[in-house]
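Asks: Read off the chains here:
There are 2 protein chains.
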Amino acid sequence: MNTQELVDQIHQKKSFLCIGLDVDLDKIPEHLLQDEDPIFSFNKQIIDATHHLAVAFKPNTAFYEAHGVTGWRALEKTIHYLNENYPEIFTIADAKRGDIGNTSSMYAKAFFEDLAFDAVTVAPYMGKDSVEPFLAFENKHTILLGLTSNKGAFDFQTKILEQEQLYKQVLKTSTTWHNSQNLMYVVGATKATYLKQIRALVPDSFLLVPGVGAQGGNLQDVCSYGINANVGLLINSSRGIIYASSGRNFAETAAKAAQDLQGQMQLILDAM
Amino acid sequence: MNTQELVDQIHQKKSFLCIGLDVDLDKIPEHLLQDEDPIFSFNKQIIDATHHLAVAFKPNTAFYEAHGVTGWRALEKTIHYLNENYPEIFTIADAKRGDIGNTSSMYAKAFFEDLAFDAVTVAPYMGKDSVEPFLAFENKHTILLGLTSNKGAFDFQTKILEQEQLYKQVLKTSTTWHNSQNLMYVVGATKATYLKQIRALVPDSFLLVPGVGAQGGNLQDVCSYGINANVGLLINSSRGIIYASSGRNFAETAAKAAQDLQGQMQLILDAM
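Protein chains in written order, with my numbering: chain A, 1 to 272; chain B, 1 to 272.
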């Protein structure tokens, strides 16, 4: 999917919501555990109930790998289900990969070709030749960890690297990489006040913003600093939506939680 | 496996060789492609032919994920085969994971419990709360990316972060984390001259050293700067061993390549 198609979808749905499919068998409704593939059953129902309210879905691979082959199969079924039934949805593998060149190419192939995700999250620590193999895929998007939402972000990311905070060096340097037009960035909602400075460095890029809801980030703050002419934001919510209820009505309740966020986004978009 | 058992194995085998199982279907002997599971067939024969020359095996997960469910099953079979037949071997999942706390716990569970690896490689960018969930597992080892072997290492890792190079900050800060005794570090063999400074920061830790051979690193240099009283080094070779031949004799040829490195290690160990 190219960026314009994503932007069009945002305006059509009046939403820039991304729903995180972080499926934990301890948290999904009990009655699903008897299904042949409880993870996929859960995802399918969440997707069917919320696809019109969200523009992106983001499975975090950790939750699938934790179940080995069974989990990996559930991930495959989920992305195939999305691609077949809702081809307009922007799909993100939240994998936070990053390795030396030839190995990064294997990861890129795995997520962009075999699984056919639109985007994958990538860690910057290993630098240019660890990220460029992902950038080589046309109409695929590499979402680089910029300033993450967790406490540990202050361990290194906000430290001064040659007169500038490390995460800013990451943003600036990454814009010089080959095919950098395929980059987006992860910026935690809990770091909303940093967004003004981030927008000075990457004014046009899309930002994937986790941390609204459970982690305490605020949608209004994120939007007031981070929105650009293309909206340029994907706000992710995982637990706040998918675990809104653990009863048989979980999918409807998830849709209500998604609708609540989408409603707030609509007000913001209408005011643009 | 605890560190002492690893050290004992090093002295017993006169080797600190780690063999990287980076299996690429384009590079393995053609006759294996007819097998039901070519990746596992290849690994099994490499392991059987070289286990007495190496103390560790390290599959890089990218090469398995590239084949989806089939690849993940081959990874499971490989680690089970190692654990059942060669329980003395130190097993490393080269996964370079790292995510926020609860998600890192899922990765730790996947690699330490479900797959029962002894160690996993982890990226430091997200800081303390992204690494500590791995450190919580007793007798399991977290190998943090320190100074990697690729060119991109110079993009950020060697830049000055608050008066000190980033990778040094990573090493120093990581020693303050809870259960830091379970840490090891990735240090590229191509960065051998940095090892003296690295040893000043982490004198007692094991270092996993990729980059000898194909990437141009030199074993003598690495040892002269990096060895400590416990040896404290695991030298990884992947392509140089497993693809030494693409004929039917690939496993024997791999053993010869492994023996060549092991022989050099024996001389170094005998001189200690």
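Warning: the hint list may mix true and false statements.
To be verified - Sample of chain A residues at the chain B side, in silico, Cβ under 10 Å:
(1) 85
(2) 87
(3) 113
(4) 163
(5) 200
(6) 201
Read the hints as simulated data drawn from the structure, not as lab findings.
The beta-carbon is built from N, C-alpha and C at its ideal position, and this holds for glycine as well.
Asks: Take the hints in turn and mark each one as holding or not.
Replies: Structure-based check of each hint:
no.	hint	result
1	85	20 Å, violated
2	87	20 Å, violated
3	113	9 Å, holds
4	163	9 Å, holds
5	200	20 Å, violated
6	201	15 Å, violated
In summary, the numbered hints that this structure violates are 1, 2, 5 and 6.
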